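Construct the entire structure; sequences and hints are all you get.
Chains as they are written, first to last, in the numbering used here: chain A, 77 to 423; chain B, 14 to 340; chain C, 476 to 612.
Hints were generated in silico from the structure; no laboratory data involved. Only true hints are included.
Derived DEER-like restraints, expressed as beta-carbon distance ranges: (1) E66/B with E192/A: 46 to 54 Å; (2) E324/B with E587/C: 34 to 42 Å; (3) E104/A with V156/B: 50 to 58 Å; (4) H367/A with E218/B: 43 to 51 Å; (5) D40/B with H367/A: 28 to 36 Å; (6) P605/C with Y155/A: 22 to 30 Å; (7) D339/A with I178/B: 47 to 55 Å; (8) K321/B with G540/C: 29 to 37 Å; (9) K321/B with N390/A: 50 to 58 Å; (10) R515/C with A311/A: 43 to 51 Å; (11) A503/C with D339/A: 25 to 33 Å; (12) R169/A with S208/B: 42 to 50 Å; (13) A503/C with Y155/A: 27 to 35 Å.
Keep in mind the model is a prediction, meaning the values are calculated, not measured. From the three backbone atoms N, C-alpha and C, an ideal C-beta is built for every residue, glycine too.
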Amino acid sequence: MNSNNPERSYFLLKKSKVQNLLSTLYNEYEIFVPVEEEGVVDFKRYELNSNLTLEFTNTLLPPKGLFLPQQETLFNFNYRNDVSIKENIETSRRIIFGIRPCDSRSITILDEVFKEKNEDVYYLRKRNNTLLIGLGCTNPQIYCFCSSLEVNPGEDTLVDIFLTDLGNNYLVSLNTKRGQQLINDLPEYFEKAEEEEIIRALEIQSQAREGFSAGFDKKDAEVFLDVEKIFEHPAWEELAETCIGCGICTYLCSTCHCFDIADELTKNEGRRFRCWDSCQFFSFTNMASGHNPRPDRKERVRQRFMHKLNYFVNRYGCIACVGCGRCLKYCPVDIDITRVIGTLNHE
Amino acid sequence: MKNQSYIELTAMLEQKINQLLSENKVDYLIVYGKGSFWFKTRPLLIRKQTEIEKVIWNRFCQFNLSTFLKPGSRKGEKIGIITKKCDIRSVVELIKNNQINKDNLYIIQVACDGIINWQKLENLLGATVSKVIEVEENALNFVIKMPETNIEVLKNDYLLDKCLICDYQQSFYADEFLITSEEKVEEIKNQFLPSLEILENMSYEERLEYWLKHFSRCMRCYACRNVCPVCYCPTCMFDSQEGLWISKESKTSENYVYHLTRAFHTATLCVECGECERVCPVNIPLMKLNNKLAKEVSEIFGYQAGLKVDEVSPFKTYCQEDSDEFK
Amino acid sequence: MEIVAFCCQWCSYAGADLAGTSRLKYPANIRIIKIPCSSRINPTFIMRALSKGVDGVMVAGCHPGDCHYSTGNYFTRRRLMVLKRLLEFSGINPERLQLYWISAAEGGKFAESVKDIISKLEKIQDKPFPKNPESSP
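Structural data, given as structure tokens:
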């Protein structure tokens, strides 16, 4: 997290050694790697027989779930005689291996949210115990538009260790002391990188920005900052007409982080949990009185875009979107954030 | 159909829509519009004649537009709707269950001889899908034209499952059937749907494991419910404030209850349009549940959903002589 | 063994009462839930019970033709016929769901029915729905 940059040094990691490296780390860390199951790639806990895949563009579910799980017990309590509370705080050391630059950017965006004012220990404990090993992206999907959002798919300085694919090897660049430490502890897996390989990697990194078909002009997103102008735009009505109100866009979004907290009680004991919630659902803003400030789909559709492109920008200074393209790919009715930005500018 | 036929059909469709709007026969039309990529289409509502150019008709019109006829999404106006043969069945279901008045509806059926499953195409081509120039077809194959090569794939592998058993003929309930003059609609194909037998022959425990594995991936985005044209309850019991039937957590056991309830509630209504399975981001084979229920309903009651508006659904009536298998 | 019994308030629930006041013996494995009519059963009730790991669900209503609301139990019969097949297809032994017709005067039949479902459940080899499916991979 704290990138007090050490002097940049590069190593080489042979692809054939990745499995061995992971199984060595397995003893000390909980490792999450992209695993393919039923045609879906997702970050799963690494087991020695995991179907690890590193030939993927991006995982279906964003890695936010590793820090803000879809459901998480916060604490258990018991009030049989005395009231006792047992907190459920994750303390194991963890590694996420193969996180893409867009997703690692989303994690730093989420950090801001969970650090603000009251620190969220459930999130931050996991976050501080986790080492990120990033993987450069050279083959964007047709849905990707991270290049519109200050993410460099080829190079990522937000992760602790960053890998660039060189065919048979990865070029390993180190961004933090924690990353440096890991490499120092396991010298048998890493070789010194030659000048020639470093140059080749830098070339790959700089070429990664090319080949994007989706995207938007950064200036166009600024129109959202003017609430007066945008809030009652007819485009919202139009979008709401075809939106089916499911939660795909928010659940698959790597920066959406709204959650709900509830208690589950049985006789004498219970637990408090939190789980993802989505602004696209009617119940998200429905109040006990029966009043709902966002009663129609129009308000709910608008909320998603306004939160990402206005409210979040005002509060944290950046757009809450990293261009991972998940919402574009999976939206059943093809609502496309890049097009929405375009529509609001030019119509 | 040839690409030329689709162009002609689009022109005919535009003309028809123009006529309907200018004669004020409908207030708005639910049509297909161009999607963000060449192989995608999106549902679109048009109200003005100036918007007609947005209308398209091609091999990628997967969406079942009748889901926008659900009471929650319409406002009592006269509606025109573009349908395929299969979609009309869910329109019939909505009429039958008094969710929409037939008099307020103008159904345009457009000739179709199978819709391409674009997800499959995308999986096949990966990122190169953006380089495709066009898709043509010959008797058995789709020819995907790329700048350097042509890829041929078997039609039956890339069509939607439901297209394999469709006869593509004019539906009795279509107010208008648009078809090009040269094109003859093919005869019934008599293909088979992927069978349920493998699953049916498993032991209970294997089957439970199968479903639990799939349902464990569910994240309860509710897309399957929301996209379903016959899930028309104003407030779903799972959204109701009166009782928490399933926890908000998406635990496997809760997902199991949710999916089985969804399937059971749409039994006798489900027209097997396949939308729920198509929109599922985590590939849960929901159609297996729906197909099984449709099969059982037809075996027990001899009833198939979506064929006639004046039939009574078996769950809305009873018969004193019904077999009593619980004795 | 845990069994949830949904009993119609007009007949089977009174039948259970009668079984009690007549001091008839029946296994203590059941938990009775009173419902206004057997057709009040939403399939979710049954699925929810089974997904919590109970061994069986018993639905009891008035004899066909004797429904307090004239026809409710005919609908129940149709629905449960389909539900039974759905349960079977989703991996739960359909024997775990039983439907009985018990009138308010049939305390004996109520006791017999409880014994009957238990004897049926005892024969079942496969496991009920796991209590904690998350932990088993």
